[in-house]
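Asker: Each chain, letter by letter, is given below.
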Amino acid sequence: MSATFVGMPAFPAAARAATGDAQLRHNLRKATHTIRDRRRAVVEELDDWPRLRAAGRAVKDRVLRHLDHYLERLEEAVTAAGGRVHWAADAAEANAIVTGLVRATGEREVVKVKSMATQEIELNEALAAAGITAYETDLAELIVQLGDDRPSHILVPAIHRNRAEIREIFRRTMSEWGVPAPDDLTDDPAALAEAARRHLREKFLSAKVAVSGANFAVAETGSLVVLESEGNGRMCLTLPRTLISVVGIEKIVPTWADLEVFLQLLPRSSTGERMNPYTSVWSGVIPGDGPQEFHLVLLDNGRSATLADTVGRQALRCIRCSACLNICPVYERAGGHAYGSVYPGPIGAILTPQLRGTTTELDASLPYASSLCGACYEVCPVAIDIPEVLVHLRERVASGGGHTAERAAMAAAGWVLNDDRRLGLAQRAAGRMRGLVPRRLPGPGAAWTDTRDVPAIPAESFRDWWATRERGGGPDARGPADGRGRTEGGR
Amino acid sequence: MRIALFITCVNDTLFPRTGQAVVRLLERLGHEVVFPAAQTCCGQMHYNTGYRREAQRLAVRFVRTFADCDVVLAPSGSCAGMVRDNYPRLADPGSRLHEAVSALAPRVVDLSELLVDVLEVTDVGAYFPHRVTYHPTCHGLRLLRLGDRPQRLLREVRGLELVELAGAEECCGFGGTFAVKNAAVSAAMAADKARHAADTGAEVLCAVDNSCLMHIGGTLDRQRAGVRVLHLAEILASTEEEPASL
Chain B
1 MSATFVGMPA FPAAARAATG DAQLRHNLRK ATHTIRDRRR AVVEELDDWP
51 RLRAAGRAVK DRVLRHLDHY LERLEEAVTA AGGRVHWAAD AAEANAIVTG
101 LVRATGEREV VKVKSMATQE IELNEALAAA GITAYETDLA ELIVQLGDDR
151 PSHILVPAIH RNRAEIREIF RRTMSEWGVP APDDLTDDPA ALAEAARRHL
201 REKFLSAKVA VSGANFAVAE TGSLVVLESE GNGRMCLTLP RTLISVVGIE
251 KIVPTWADLE VFLQLLPRSS TGERMNPYTS VWSGVIPGDG PQEFHLVLLD
301 NGRSATLADT VGRQALRCIR CSACLNICPV YERAGGHAYG SVYPGPIGAI
351 LTPQLRGTTT ELDASLPYAS SLCGACYEVC PVAIDIPEVL VHLRERVASG
401 GGHTAERAAM AAAGWVLNDD RRLGLAQRAA GRMRGLVPRR LPGPGAAWTD
451 TRDVPAIPAE SFRDWWATRE RGGGPDARGP ADGRGRTEGG R
Chain U
1 MRIALFITCV NDTLFPRTGQ AVVRLLERLG HEVVFPAAQT CCGQMHYNTG
51 YRREAQRLAV RFVRTFADCD VVLAPSGSCA GMVRDNYPRL ADPGSRLHEA
101 VSALAPRVVD LSELLVDVLE VTDVGAYFPH RVTYHPTCHG LRLLRLGDRP
151 QRLLREVRGL ELVELAGAEE CCGFGGTFAV KNAAVSAAMA ADKARHAADT
201 GAEVLCAVDN SCLMHIGGTL DRQRAGVRVL HLAEILASTE EEPASL
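Chains as they are written, first to last, in UniProt numbering: chain B, 1 to 491; chain U, 1 to 246.
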């Protein structure tokens with residue numbers, strides 16, 4: 001069973017460990033740069049990309065503004081098409097609903113389509129507790145599951161693994177779950193894919209129940225949409241008798257015309273493809289064709305609370321493309337596990353603290369897991385201003401418990417900076433101490449001086465130099481104020 | 001033209017040479033520089049770390065200090081970005097602060113914007129006979145949208161050889177308090193930036209923000225990489241008579 005994120009250390013500690021893992025950094029750098037370059041190429045070739053992006057944002061905002069209306073519309077349409085709709089307020093409720101539905105079929109095994117919502121609620125663990133085995137069928141999710149590992153990327157959950165590691169995982173564990181890997185398995189990608197294909201084929205042909213998520217739910221016709229690259233999802237969506245889909249309430253698009261916008265935005269942003277390879281759409285049940293029983297579990301799990309926050313709600317526009325992960329210099333170096341959530345990277349840093357709250361040390365550290373460089377906002381296909389939400393969540397964390405020393409320091413700095421005379425006095429005091437600053441600072445300052453020199457403090461601030469000059473004083477009024485050495489001014 | 005200088009607290013306290021270079025450059029071009037003495041700090045550190053109220057107080061001070069100025073030069077991309085991009089978020093819509101911010105923010109510019117857009121000059125008569133590479137800082141790039149303005153200015157500098165920096169648009173890892181809150185990741189980002197800088201063979205890495213340069217320069221110095229960092233103002237102020245000291 002896959003490991004969970006409970007009990008993870010706060011982001012800085014986990015990220016520090018990851019930066020020391022040379023193999024991990026190499027894997028991540030190679031993978032993220034490849035996808036980011038591909039995305040850039042297929043986005044730049046469209047001259048109407050900014051308009052598509054604006055349209056995507058507008059559609060999602062409209063849905064969020066009238067979510068109650070569209071949810072009821074969706075429920076009506078799904079019901080009319082022969083499906084059943086269930087409402088889950090949180091993870092526990094969703095897990096109980098799905099477990100009950102699987103139990104009712106009498107089956108002990110389910111096949112799964114790659115799904116973030118079911119990862120979020122830790123459905124596999126809940127099913128296991130009820131004696132039901134869930135088989136992940138997405139290749140990367142399979143690698144994660146077989147390796148008793150955790151996903152580290154939204155689109156490419158096993159991005160932290162290279163092919164040698166994957167071969168090892170397949171050889172060691174495939175036999176415990178079903179068809180074993182061949183004895184002579186190499187780390188050739190085609191051989192690895194073939195081993196996975198043989199292993200999964202047995203599951204597809206025997207499974208009676210499938211569990212999926214959905215990328216989109218079209219309210220007007222009650223249609224669910226899954227985009228994937230392997231065809232494994234389609235196997236699960238068409239072969240079993242019963243299909244259960246767990247879908248976040250924000251996944252709605254009103255009409256097929258709205259869907260068209262996202263079928264352009266998503267593939268280009270996520271895999272860097274012009275068109276998605278396997279797009280499956282189903283509306284309820286069709287007698288004699290595909291699953292004969294369909295259940296839609298609509299999941300809240302913190303989304304309504306997020307919607308209530310006027311700044312933070314934009315995170316609900318997310319279509320899980322991963323473009324922000326692939327461009328993020330922090331994600332590239334920290335890796336996905338450091339974020340302690342199925343949603344890593346910049347979007348995770350604003351989504352997780354909103355869905356889960358900021359009561360744990362880990363969740364409270366996530367809004368700070370960014371240099372606010374803004375690259376994520378620039379690539380986001382639905383224009384989520386991630387830096388804005390990060391800063392907003394920092395306010396929430398800073399005004400909560402803890403942070404006593406920082407709050408005191410910030411208040412003191414604010415007091416000095418809110419008066420030019422106080423600032424001038426502080427600068428002069430610092431100038432007098434300039435010879436005394438050690439190369440390695442003690443305490444929290446060490447976080448800077450472990451890897452970076454500190455700037456030398458100049459003898460005279462700019463404002464003092466200016467004042468002297470205004471008084472017409474000083475023989476060197478136009479030149480450097482103090483005839484300092486070359487490293488003066490801090491460099 | 002009469003130009004109000006918002007020196008920024010970091011330049012004022014740690015990098016007065018940049019301010020002196022700005023004054024020398026603008027006066028050489030025939031403009032008048034004024035320095036409103038009541039100025040202190042834009043509040044970026046407080047705002048970005050989650051201390052909105054303190055940031056708001058500093059924003060009030062800023063707009064009060066500069067309200068009457070036609071153009072305000074902030075020789076720091078991130079401070080200019082703070083005023084233009086974040087001040088409107090700090091002020092409640094309809095408030096007096098919001099009104100004051102809306103009026104003032106568009107007149108707050110970075111040095112390259114002042115020269116290229118306002119003063120309409122790219123050849124400032126500078127001389128700097130060195131190999132230079134340019135790092136476009138994140139806020140200059142993504143908040144101010146400076147584009148190639150700094151490079152256009154650098155290309156006109158006599159004697160200067162401008163060389164391309166690999167991975168130029170990637171953040172150096174400074175990020176204000178990020179540099180200490182997430183020191184390991186910050187340092188890893190700086191190490192990559194420093195390596196790219198050293199690979200160019202440039203003597204100088206130039207940018208429009210001394211905070212980023214303090215971070216990159218501190219890393220380069222610790223590594224004894226032999227690459228110096230200089231603010232754009234210091235290169236543009238440099239002449240044969242008064243060369244910038246390296």
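The set of hints was computed from the structure by calculation and includes no laboratory data.
Errors might be hidden in some of the hints.
As the list claims (entries may be wrong) - Distance condition first, Cα-Cα at most 16 Å in a straight line; then the derived EDC-like pairs of lysine to aspartate or glutamate:
id: 1; chain 1: B; residue 1: K30; chain 2: U; residue 2: D192
id: 2; chain 1: U; residue 1: K181; chain 2: B; residue 2: E406
id: 3; chain 1: B; residue 1: K208; chain 2: B; residue 2: E293
id: 4; chain 1: U; residue 1: K181; chain 2: B; residue 2: D450
id: 5; chain 1: B; residue 1: K208; chain 2: B; residue 2: E361
id: 6; chain 1: B; residue 1: K208; chain 2: B; residue 2: E273
id: 7; chain 1: U; residue 1: K181; chain 2: B; residue 2: E293
id: 8; chain 1: B; residue 1: K30; chain 2: B; residue 2: D148
Asker: Compare the structure with the hints numbered earlier in the document and write down the numbers of the violated ones, lowest to highest.
Answerer: Numbers 5, 6, 7 and 8 - these are the hints that the structure violates, sorted from lowest upward.
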